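Undergrad: Chains as they are written, first to last, in numbering that gives the first Met the number 0: chain A, 0 to 320; chain B, 0 to 312.
A hint or two may mislead.
[Unchecked claim] Each computed SDA-like pair below joins lysine to any residue, with the alpha-carbon atoms no more than 20 angstroms apart:
(1) K220(A) / E28(B)
(2) K2(A) / H25(B)
(3) K239(A) / V144(B)
(4) K83(B) / K1(A)
(5) K2(A) / I26(B)
(6) K83(B) / K220(A)
(7) K2(A) / E29(B)
(8) K220(A) / H25(B)
(9) K1(A) / V144(B)
(10) K1(A) / E28(B)
(11) K83(B) / R196(A)
[Said to hold, decoys possible] These stretches of chain A come out as covered by chain B in the derived footprint (C-beta under 8 angstroms, 3 or more residues):
(12) 90-96
(13) 151-159
(14) 271-283
Please keep in mind that the hints were generated in silico from the structure rather than gathered at the bench. These figures come from a predicted structure and were not determined experimentally. Glycine included, each C-beta is placed from N, C-alpha and C at the ideal position.
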Amino acid sequence: MKKSLLLVLSLVFALTLAACGQNNNSQTPGSAASNSPSEQPASSQPASETPKALSGSILAAGSTALQPLVEQVSQKFMAISENSKIAITVQGGGSGGGLTQVQAGQADIGNSDIFAEEKFTDADADKAKELVDHQVAVVAMAAVAHPDAGVDNLTKQQLIDIFTGKTTNWKDVGGIDQQIVIVNRPASSGTRKTFERYALGAATEDLPGSIQEDSSGTVRKLVAETPGAIGYLALSYLDKSIKVLKLDDIEANADNVAAGTYPVWAYEHMYTKGEPNEIVKAFLDYMLSDEVQKTDVIELGYIPANQMKVVRDAAGNVSSK
Amino acid sequence: MNNPANTETTHKADGARFGGGLFPKHIREEWIGRTYVYSCVGLLVVTIFSIVWFIASKGLSPFMTGGVSLREMLFGLKWQPEGKPPLFGALPFLFGSTATSFMAALIAAPFGFCAAVFMTQIAPKAGRSVLQPAIELLAGIPSVVYGFVGLSVVVPFLREHFPGQGIGIMAGSLVLAVMILPTVTTIATDALATLPAGLKEGSFALGATRWQTIYKLILPTTLPSLLTGIVLGISRAFGEALAVQMVIGNAPHIPRSLFESATTLTSVITLEMGNTVGGSLHNNALWSLALILLLMTFLFVFIVRMLERRARR
């Protein structure tokens, strides 16, 4: 009797663990917070006027350009006492990965530097229609180089020649005699797509001898340490360890971007599949609130969307507001 | 009085009368144990076959319905799945994986063998108390830590002392060599420890010095087991993704030197898988690369079993 009871208990235990492993990350929109047996049952109450404690978890994945902002805001959001039961996880993986994951239901929020219509084209075009766009900020990308490269401005044509491999030495563009080392992002990166589209004008191949790193943080580290390196980063990643290059003599800062004179910028999108559920909506509303837009967004190097004097649509057409 | 679980003779004759008569305790236990073990094994076998079938079905579909030829994937030099027309040449990845794994094994093998010799022949006490825990510690370090240390220490070092970027096959091989060192050392130590003592003593009796014994007798005798360890190390290095991806550069081309950016099968899968949509040709092509990795693993296991059969002789 004892042995069979132990057997049955161990099987039940194993099955329970398997069931508990199915966590809240793949919530469908509209469903309330918790659906696993181990969570407190205090959560799924109908929406009421009085503020109540929400609970559950959110997975935001995708762009590493947007990642610093989402991480900082999520910490502030979780510190508010009503939200203490919500757990927010922020991952990288690139804008392409974020869009794919939110579309497949694996992530609640897909962070992306590009419009969903830019990624889901041709046969997949109706996938983009399922996603709801929330534009939370504007980010600019700048070309960066190793501090000793000896150059602080590049024309568009010079950039194109470097990234297509025509120019291979810094001395050809006015710098020191040093081999140019390109530090790229993978094809899934929104930073790369934005830089290629608005600074270079066309997508570039991965050349022999170029380096590909999958997060902006590693790119910054490599550019700072490798003599002759050139790469591109969102403004949120710029610091003293690398040299920021001007494009056609226009500096990459918030004023130039807002005025529309610096062309290499993109909206930071947080996509959800369909309308967001209660806790995701609470997070997105907080993200768009003045408290965040006036402090964290500017502090981390992004530009609030309402400061922009121009708008751009998915096809890339720019018009003034 | 009448205890039905007691004697063997009751179960046939008085089966219907007693409660547990037809299935007495020992037969019940037998069945329960057998069912449990068989179901666990069955689950295991089903899982393994499902994984292989899943990878194979997704990985073979570019060849069967996608219009990609086997020759293009194995020998083509350009990997542009999003290009027009899409190209699926995986030779740079095969080259990168093979080169880093073999070089790592080449670097790790002498160190592993020497460590094993030290631990068993030269200083067994110090070996068992100091060196063995240290090597087992190496085995426990997560691979992302290896990658980060490689990026922060190995790459700048190589950049300063050799021409080139520091990143590349050499950096990848060095990081992998440290990662597979525990595997090679453990197997070598086991092989050396199970040598019959008579062999060594006979050699000393004939007047050979310790080094002569090690070099001319022990090494050739344990060579099949050492090769087993090396092949297992290569197999581990072949499948390593994260540590290698951080130090190898990931340019999808065959490098022209040891210090130029290269790519492996595993790093291209990790870089691109998250970006592709399930079911697309790009996604299935990545599964084909995974299938190649799986087949290479089968090959390594096969080689190891052949070597073990020889070692037992």
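Undergrad: Next, verify each hint and record whether it holds.
TA: So, going through the hints one by one against the coordinates:
For the proposed pair K220(A) and E28(B), the alpha carbon gap of about 63 angstroms is over 20 angstroms, so the pair is violated. For the hint linking K2(A) to H25(B), the alpha-carbon distance of about 13 angstroms falls within 20 angstroms, and the restraint holds. For the proposed pair K239(A) and V144(B), the alpha carbon gap of about 26 angstroms is over 20 angstroms, so the pair is violated. About 67 angstroms separates the Cα atoms of K83(B) and K1(A), which puts this hinted pair outside 20 angstroms; it is violated.
Among the hinted pairs, K2(A) with I26(B) is consistent with the structure: their alpha-carbon atoms are about 14 angstroms apart, no more than 20 angstroms. For the given pair, K83(B) sits about 33 angstroms from K220(A) by alpha-carbon distance, which is inconsistent with the 20 angstroms threshold. A hinted pair counts as satisfied when its Cα atoms are at most 20 angstroms apart, and K2(A) with E29(B) qualifies at roughly 13 angstroms. Between the alpha carbons of K220(A) and H25(B) the distance comes to roughly 68 angstroms, so the proposed pair goes past 20 angstroms and is violated.
For the hint pairing K1(A) with V144(B), the CA-to-CA distance comes to about 46 angstroms; that exceeds 20 angstroms, so the pair is violated. With a CA separation close to 12 angstroms, the supplied pair K1(A) and E28(B) stays within the 20 angstroms bound. A C-alpha spacing of about 18 angstroms is found between K83(B) and R196(A), which places the hinted pair at or below 20 angstroms, so the restraint holds. Counting residues of the stretch 90-96 of chain A whose CB lies closer than 8 angstroms to any CB of chain B gives 4, so the stated coverage by that chain holds, three being the minimum.
Under a criterion of three residues with beta carbons nearer than 8 angstroms to beta carbons of chain B, the stated coverage of the stretch 151-159 of chain A fails, only 0 such residues being counted. Under a criterion of three residues with beta carbons nearer than 8 angstroms to beta carbons of chain B, the stated coverage of the stretch 271-283 of chain A fails, only 0 such residues being counted.
In terms of the numbered hints stated before, the structure departs from hints 1, 3, 4, 6, 8, 9, 13, 14, listed from lowest to highest.
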